[in-house]
Amino acid sequence: MREVDVSLITDAVKRMSMEANTRLGEDVIATYAACAMREESETGRSILEQLQRNAEISGETGLPLCQDTGVAVVFVELGQDVHLTGGALREAVNEGVRQGYREGYLRKSIVEDPLRRKNTGDNTPAVLHVELVPGDKVKITIATKGGGSENMSGIKMLKPADGVDGVKDFVIERVREAGPNPCPPTIVGVGIGGTFEVAAILSKKALLRPLGERHPDPYYAALEEDLLEKINRLGIGPMGLGGSTTSLDVKVEVHPCHIASLPVAVNIQCHSTRHLETEI
Amino acid sequence: MSDAIRMTTPLSDADVEKLKIGDRVILSGVLYTARDAAHARLVDLIEKGEELPFDPQGQVIYFVGPTPPPPGRVIGSAGPTTSYRMDTYSPILISKGLKGMIGKGKRSKEVVDSMKEHKAVYFGATGGTGALISGCIKEAEVIAYEDLGPEAIRRLVVEDFPLIVVNDAHGGDLYEKGRARYAK
Ligand code: SF4
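Heads up: the protein sequence lines correspond to chains A and B, in order. For the first sequence, the working numbering assigns the number 1 to the initial residue and increments by one for each residue that follows. For the second sequence, the working numbering assigns the number 281 to the initial residue and increments by one for each residue that follows.
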């Protein structure tokens, strides 16, 4: 048994919530630049340049990339040979969020009750997903997810007979319907299979993969490429003002499912895709 | 791209009427911030016939909930939020003289119709560029609803805020036009 003090988890969550909000991944910056070269609309190109400039300013000043510094979605892969000491995991994660959002001057965007809507004042609680895995490490991934793009997501229980065409239609319809709202160019996470809730979580996990990377299964790699091409023919463009860059990438994740079911979930991520991971 | 139009708030009917969808506008002057929670309170006051924290006549509301200002800055990151959440409330403020709104994303038919009827304009700012936009904001002061935190109403003074006209006072919609132009 390896002992890990939960204060290490607090520190990691604190550091990553601050860093994720002020620094985009190199894959994201490179994709902005590549899309700016290809973008047909002049307004679209100028918006893609603004995104690059915004990332530079955020890096220089420490101001968050976007004012919506999100809900902290934290994935913990906990090695089953780890014994956590010093407190509860959930509280350690929340404490990391509390400290990071305070010290990083990040926005507190969480209400304590969905209907009565009083702000908790410290951006807690985080949304925490824990998975037990073999080994003696703790892997922590944080995604700070804005409300604007999250709100444009959707899920549908298709019939198996709807097949891959039904999946494509649903995904493309979601993106079309979302239009300018989720700050395009977006990244589209698609979860196919499993059950209602599994499809939704897969669609969120799909967004954590690096941009440009294709699914290891050639069948799904081809599906990702096909969806991306079709989405970019919708004409929505950067900020929805028209253009050929509606999405930066499409990521598909799949799971076995029931003979009667074909769940499909679409989680939309804005261009400000902020996530980091670390291992303890 | 056509030349950008410089404008300073407050806006008159004549200012608004000359704007067309796709126009780039460089806006300076005073803006008021409000998101859905603040809009709900404003509309509640109007319904009760009570005084508002600011007179909407000729003014422009910026849909934004900024991050807290770090030491030495007047405001943190401050880009636009999605506008449809304000659709229920905007027509009432427009009928009280509001001339402009700044946000991102589609507006409802009711909002577009009331902009036509009362001469108002909807500007798009680039979502997700809050660090860049922060540089245009020279002053910020909470004037109402401090309890709402990021959703409080702030009076901002901006300089050279780059915007694009998405819905004009003539019923035009840049999102529809832009998409149709590039759809294949
Ligand atoms: S959708 Fe993303 S980029 Fe746009 S305002 Fe929300 S968090 Fe920021």
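Any given hint could be a false lead.
Stated by the list, open to error - Label pairs and their computed distance ranges (CB to CB):
| # | chain 1 | residue 1 | chain 2 | residue 2 | range |
| --- | --- | --- | --- | --- | --- |
| 1 | B | ASP283 | A | GLY212 | 35 to 45 Å |
| 2 | B | GLY429 | A | VAL127 | 53 to 63 Å |
| 3 | A | THR85 | B | LYS389 | 56 to 66 Å |
| 4 | B | GLU426 | A | LEU128 | 46 to 56 Å |
Stated by the list, open to error - A few chain B positions that, by computed beta-carbon distances, are all more than 12 Å from chain A:
| # | residue |
| --- | --- |
| 5 | ALA294 |
| 6 | ASP335 |
| 7 | SER363 |
| 8 | SER414 |
| 9 | GLU419 |
Because the hints were derived from the structure by calculation, they are not lab data. Backbone N, C-alpha and C fix where the C-beta goes; we use that ideal spot for every residue, glycine too.
Here is what the structure says about each hint:
At roughly 37 Å, the beta carbons of B/ASP283 and A/GLY212 sit within the given window of 35 to 45 Å. In this structure the supplied range 53 to 63 Å is violated for B/GLY429 paired with A/VAL127, their Cβ-Cβ distance being about 20 Å. Our hint of 56 to 66 Å for A/THR85 and B/LYS389 holds, since their Cβ atoms are close to 59 Å apart. At roughly 31 Å, the beta-carbon separation of B/GLU426 and A/LEU128 lies outside the given 46 to 56 Å, and the hint is violated.
At roughly 26 Å, the least C-beta separation between B/ALA294 and chain A is larger than 12 Å, which holds for a residue marked as non-interface. Residue-level check passed: B/ASP335 sits 26 Å from the nearest beta carbon of chain A, beyond 12 Å. Remark: the non-interface label on B/SER363 conflicts with the geometry, its nearest Cβ contact in chain A lying 8 Å away (cut-off 12 Å). Its beta-carbon lying about 6 Å from the closest one in chain A, B/SER414 breaks the requirement of being farther than 12 Å from that chain.
B/GLU419, annotated as away from the interface, keeps every beta carbon of chain A farther than 12 Å; the closest lies near 17 Å.
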